[in-house]
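Q: One letter stands for each residue in the lines below.
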Amino acid sequence: MDCRKVRKLLNRYLEADLPEELGLRIEGHLDACKGCCRERDLLEASWQLLGSYQSPRVSADFTASVVSRIGSDGVGRQGTLQGDTRREASRGMRWRWAVAVAACVLVAVGVGIALAPSAGDENDFWFSSIERRNPVRSVTDDEIIQDLELYENLDLLDNLGFLSDFDVIEDFEEAL
Amino acid sequence: MASIDKAATERGHQRKERAISKGSMDEPFDRDTQLMLRLQAGETACFEQLVERHKQRVFNLVFRFLGGSGEAEDIAQEIFLDIYHARTRYKPTARFTTWLYIICRNTCFKQQRKRRPVSLSVSAGAGTAENSVASRLEDHHNPSPLEAALHGERALAVRRAIDALPASQKMALILSRYEELPYKDIAAAMGCSVKAVKSLLHRAKMNVKDKLTGYLEK
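Residue numbers (the numbering used here), protein chains in the order written: chain A, 2 to 177; chain B, 24 to 241.
None of these hints come from the bench; they were simulated from the model.
Keep in mind the model is a prediction, meaning the values are calculated, not measured.
Think of the CB as a built atom: it goes at the ideal place given N, C-alpha and C, for glycine as much as any other residue.
Careful: at least some of the hints might be erroneous.
Stated by the list, open to error - The calculated lysine to any residue pairs, modelled on SDA-like cross-linking and capped at a C-alpha distance of 20 angstroms, are:
no.	chain 1	residue 1	chain 2	residue 2
1	B	Lys207	B	Asn129
2	A	Lys9	B	Tyr206
3	A	Lys6	B	Ser222
As the list claims (entries may be wrong) - Far from chain B, some chain A residues (derived; all Cβ distances over 10 angstroms):
no.	residue
4	Cys34
5	Lys35
6	Ala104
As the list claims (entries may be wrong) - From the derived model, a few chain B residues whose C-beta atoms are all more than 12 angstroms from chain A:
no.	residue
7	Phe52
8	Gln135
9	Ser191
10	Met213
11	Cys215
Okay, chain A solo, but in the shape it has when bound:
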């Protein structure tokens, strides 16, 4: 086994999280390789050293402080529960109002779109800010063919990269 692979597996080896055969192979490598052996020792030592990072005890009045902060946020323990219930109820009412208003707006927009004047109307205020699209009144064959060529060219432009590669591949195969 090479050292790179062994070092990738060292953590799992130390946790005994490897199949037995693989663990034995790693052990064999560690017996012979000082570098990987050092890595293993450093991993073990650093993990052990983490235990020295202790945290102090919380202060004796921690719980009392938490409870008093609840009291100062609301109107007292029992009152806070009732206050919370009232706040939640009013929050629910606000949500219902918001949904109702949103529904009305959607209906108004839908009605407005449905009642919007047709494309030929000169006083079309819905699209006054948008560039007018002239409806097709008559189309000649030449115009259709021109459009098709334009579309074909667009396809070519979009796939230019692919086609270039295709040409390269064809040339390469010919060369072979």
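For chain A, the structure is supplied; the task is to place chain B on it using the hints.
A: Only chain B this time, still in chain A's reference frame:
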């Protein structure tokens, strides 16, 4: 409308009462879950019990994640306030501690984004917040001056190594090394897969090893 709401609330309370009594008979809910359900039902005294049971755990996590900050206790208190205000949204689908760790993780990540960790100096010239935390550490151990200096230097090296980790690696490491959670619980707390947790821990351990090599080999 008010009478319907009241009836619905009553039915909710009755469901909770049945759940709590079922828990005490068959023990499908652990003690913490039962306390949360009773808190939801209106027994505010249960909240104090929850705080007492978990205050040190929450403080330890916040303290280590935020680099020994003097504000760790304040932030730990805020976590319990969040738990209190979110009590109506708690559902006993998982252990209470899982939910607790999720809230801790979210708060710690948010705090880290807001601030830089306070640097802890071994010397006596550090600020008052650091001194009060350091003095509580020393009082706890009563070491000799030499031991205190060595311990302080070691703790500082470890703290710096942990502080240098990205947030996710740091949280995974703390939950694994200090809270001794199994992979499955770490994954639940961090909202990721067990495989992701193993990957995070692997990288965290390698990074910590790299940072501590200088201290270990001197």
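Q: Against this structure, judge whether each hint is valid.
A: To see whether the hints hold, each was checked on the structure:
1. Lys207(B) <-> Asn129(B): holds (18 angstroms)
2. Lys9(A) <-> Tyr206(B): At roughly 19 angstroms apart (the allowed maximum being 20 angstroms), tyrosine 206(B) and lysine 9(A) satisfy the hint.
3. Lys6(A) <-> Ser222(B): At roughly 15 angstroms apart (the allowed maximum being 20 angstroms), serine 222(B) and lysine 6(A) satisfy the hint.
4. Cys34: holds (17 angstroms)
5. Lys35: holds (14 angstroms)
6. Ala104: Alanine 104(A) is indeed farther than 10 angstroms from all Cβ atoms of chain B, at 20 angstroms.
7. Phe52: Holds, since 22 angstroms exceeds 12 angstroms.
8. Gln135: Since the minimum Cβ distance to chain A is about 17 angstroms, glutamine 135(B) lies beyond 12 angstroms and the statement holds.
9. Ser191: Since the minimum Cβ distance to chain A is about 17 angstroms, serine 191(B) lies beyond 12 angstroms and the statement holds.
10. Met213: Given that every Cβ of chain A is farther than 12 angstroms from that of methionine 213(B), nearest at about 18 angstroms, it holds.
11. Cys215: holds (18 angstroms)
Checked against the numbered hints above, the structure breaks none of them.
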